[in-house]
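S.K.: Top line first, the protein sequences correspond to chains A and B. For what it's worth, my numbering labels the leading residue of the first sequence as 13, then goes sequentially. For what it's worth, my numbering labels the leading residue of the second sequence as 7, then goes sequentially.
Hints in this document: simulated from the structure, not taken from any laboratory. Every residue gets a Cβ at the ideal spot worked out from N, C-alpha and C, and that includes glycine. It cannot be assumed that every hint is accurate.
[To be verified] Straight-line alpha carbon distances no greater than 20 Å define the calculated SDA-like cross-link-like pairs of lysine to any residue that follow:
id, chain 1, residue 1, chain 2, residue 2
1, B, Lys169, A, Gln144
2, B, Lys169, A, Asp137
3, A, Lys233, A, Arg191
4, B, Lys169, A, Ala136
[Said to hold, decoys possible] Computed Cβ-Cβ distance ranges for the label pairs, DEER-style:
id, chain 1, residue 1, chain 2, residue 2, range
5, B, Glu177, A, Glu82, 57 to 67 Å
6, A, Gly149, B, Ser75, 53 to 63 Å
7, A, Lys221, B, Ala192, 23 to 33 Å
[As the list claims (entries may be wrong)] Far from chain B, by Cβ distances over 10 Å, these chain A residues were calculated:
id, residue
8, Ser35
9, Leu80
10, Ser132
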Amino acid sequence: MLPVTRINATTDDLAAIQAQLESMARQMPAMVQGMTAVLETSVPVSLAGYLSAVRSSGMKVVGVSGALLEADAAGLGLPVLPADTGAAKPARGAAQTASVPQSAAPETVPAPAPAARTSSRLIADPIRGGQQIYARGADLTITHQVGAGAEVVADGNIHIYGRLAGRAIAGADGDTQARIFCRRFEPELVAIAGVYAVAEQLHGEWLGKPAQVFLQDGTLKVERLD
Amino acid sequence: MTKIVVVTSGKGGVGKTTTSASFATGLAQRGKKVAVIDFDVGLRNLDLIMGCERRVVFDFVNVIQGEASLRQALIKDKTFPNLHILAASQTRDKEALTPEGVEKVLNDLRSEGFDYVVCDSPAGIERGAHLAMYFADEALVVTNPEVSSVRDSDRVLGLLASKTRRVERNEARIKEHLVLTRYNPARVLKGEMLSLEDVTEILAIPVLGVIPESTAVLNSSNAGTPVITLPDADAGQAYDDLVSRFLGEDRPLRFTTVEKKGLFSKWLGG
Ligand SMILES: Nc1ncnc2c1ncn2[C@@H]1O[C@H](COP(=O)(O)OP(=O)(O)OP(=O)(O)O)[C@@H](O)[C@H]1O
Ligand SMILES: [Mg+2]
Numbered sequence: 013m014l015p016v017t018r019i020n021a022t023t024d025d026l027a028a029i030q031a032q033l034e035s036m037a038r039q040m041p042a043m044v045q046g047m048t049a050v051l052e053t054s055v056p057v058s059l060a061g062y063l064s065a066v067r068s069s070g071m072k073v074v075g076v077s078g079a080l081l082e083a084d085a086a087g088l089g090l091p092v093l094p095a096d097t098g099a100a101k102p103a104r105g106a107a108q109t110a111s112v113p114q115s116a117a118p119e120t121v122p123a124p125a126p127a128a129r130t131s132s133r134l135i136a137d138p139i140r141g142g143q144q145i146y147a148r149g150a151d152l153t154i155t156h157q158v159g160a161g162a163e164v165v166a167d168g169n170i171h172i173y174g175r176l177a178g179r180a181i182a183g184a185d186g187d188t189q190a191r192i193f194c195r196r197f198e199p200e201l202v203a204i205a206g207v208y209a210v211a212e213q214l215h216g217e218w219l220g221k222p223a224q225v226f227l228q229d230g231t232l233k234v235e236r237l238d
Numbered sequence: 007m008t009k010i011v012v013v014t015s016g017k018g019g020v021g022k023t024t025t026s027a028s029f030a031t032g033l034a035q036r037g038k039k040v041a042v043i044d045f046d047v048g049l050r051n052l053d054l055i056m057g058c059e060r061r062v063v064f065d066f067v068n069v070i071q072g073e074a075s076l077r078q079a080l081i082k083d084k085t086f087p088n089l090h091i092l093a094a095s096q097t098r099d100k101e102a103l104t105p106e107g108v109e110k111v112l113n114d115l116r117s118e119g120f121d122y123v124v125c126d127s128p129a130g131i132e133r134g135a136h137l138a139m140y141f142a143d144e145a146l147v148v149t150n151p152e153v154s155s156v157r158d159s160d161r162v163l164g165l166l167a168s169k170t171r172r173v174e175r176n177e178a179r180i181k182e183h184l185v186l187t188r189y190n191p192a193r194v195l196k197g198e199m200l201s202l203e204d205v206t207e208i209l210a211i212p213v214l215g216v217i218p219e220s221t222a223v224l225n226s227s228n229a230g231t232p233v234i235t236l237p238d239a240d241a242g243q244a245y246d247d248l249v250s251r252f253l254g255e256d257r258p259l260r261f262t263t264v265e266k267k268g269l270f271s272k273w274l275g276g
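The task is simple: from the sequences and hints, build the whole structure.
M.R.: Here's what the structure looks like:
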């Protein structure tokens with residue numbers, strides 16, 4: 013089974029939905045591109061418009077779920093899937109004016125334990141602002157620094173033997189066991205399996221120190237490593 | 007073998023043109039045959055700083071579009087006959103710069119036997135900046151000791167490592183040099199500016215020179231004489247060191263710490 017992200021519309025304002033998805037795609041392009049999604053909604057919304065907004069962000073819609081969307085699904089060739097049975101995770105950050113997806117955390121259905129990763133990718137150069145690295149289906153090891161404005165993404169773990177001043181996104185295909193390790197923790201953003209935190213939320217005693225990031229009960233935890 | 011050196015930064019107004027002018031002049035002072043090209047189409051600046059703005063007939067775009075020959079457009083420096091300036095067009099728009107056109111001009115400079123071609127990049131990371139760096143063998147990355155400038159330089163270093171002909175052809179990577187300009191040790195001490203150590207830690211490339219903040223720079227620009235030609239100016243001396251280091255000489259960094267003014271210098275009005 014593929015890891016699936018459930019997107020729940022909390023508004024029928026298609027422009028707002030589109031705007032939020034676009035901003036998310038801009039922030040985490042490597043993650044959003046090709047992300048598999050199931051559409052849900054809390055308010056009546058035009059499925060056709062909702063669908064095209066989500067698709068234009070680069071996500072792949074594999075079905076819908078919930079009574080409000082069921083009726084139109086068949087006409088659009090989409091299967092109706094059962095509701096998520098996992099306990100709903102609280103959205104991180106303030107949910108803005110009824111928006112989609114919940115402002116910070118697309119709810120990822122816990123994936124079945126992924127097959128052990130055999131591949132890994134090693135990078136020995138600094139990752140500069142504006143650069144983006146994606147280790148698909150692999151761990152990512154960087155023996156240099158990740159500069160401000162740079163983005164490193166891996167489906168597995170991310171190890172940075174230098175400063176993390178940019179963005180690091182581990183478990184990009186939904187692996188909630190993935191972790192981020194770095195020698196100096198000053199990130200703009202960290203994310204694991206779709207749950208993310210930005211610099212503003214990351215002021216702690218670990219700032220500037222060796223640290224690791226992991227998910228515990230659906231919440232991001234940062235821990236010092238020294 | 008002609009070496010193409012781009013002077014680039016990302017952020018505007020950090021001292022690229024000032025550096026291009028002094029760097030090119032310093033190489034010429036040492037007997038090298040040098041051409042310095044202004045890639046900042048629409049904003050002519052280099053010819054002013056080089057003091058040849060009243061002798062511009064044809065420019066870079068004229069050459070690219072075949073309206074003038076390279077020889078017609080190259081302006082010979084008054085002091086150093088082995089130094090040539092190719093001015094930017096003030097009237098054309100940026101679209102006039104094409105990869106093929108730039109490549110042709112650079113190839114012609116090669117066959118004319120130039121030792122160095124210095125490309126003064128415009129600010130930003132758009133077309134002009136991209137073309138200025140695309141054919142380069144070495145890069146002077148000009149940075150001021152402040153966060154936004156350092157970030158932009160980091161971004162430019164990323165482009166140098168990915169969006170150049172050397173990368174596309176799988177050749178040895180561009181040699182990168184850090185030029186930290188407008189450095190003011192007193193303000194660094196007060197914590198108002200990043201230190202040399204801060205900047206080198208973030209950018210992780212070797213330092214070619216540290217140029218102090220200096221009133222001599224503006225004065226020399228206004229006079230149309232690159233500051234490197236003023237042996238008494240601190241910034242001129244720093245650029246002189248920079249050029250020597252570029253050519254392999256070992257010179258210690260100067261002007262990176264606060265100079266204590268001795269009693270005598272005060273009395274003597276120094
Ligand atoms: N070391 C210095 N000390 C004091 N002023 C300086 C110094 N270097 C440059 N300047 C001043 O900073 C301003 C910008 O310099 P310059 O034109 O060389 O920058 P630039 O990076 O080429 O700008 P642009 O991005 O617009 O092309 C000028 O007024 C110049 O006199
Ligand atoms: Mg300039």
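S.K.: Please write out, lowest number first, the hints stated earlier that are contradicted by the structure.
M.R.: The structure breaks none of the hints.
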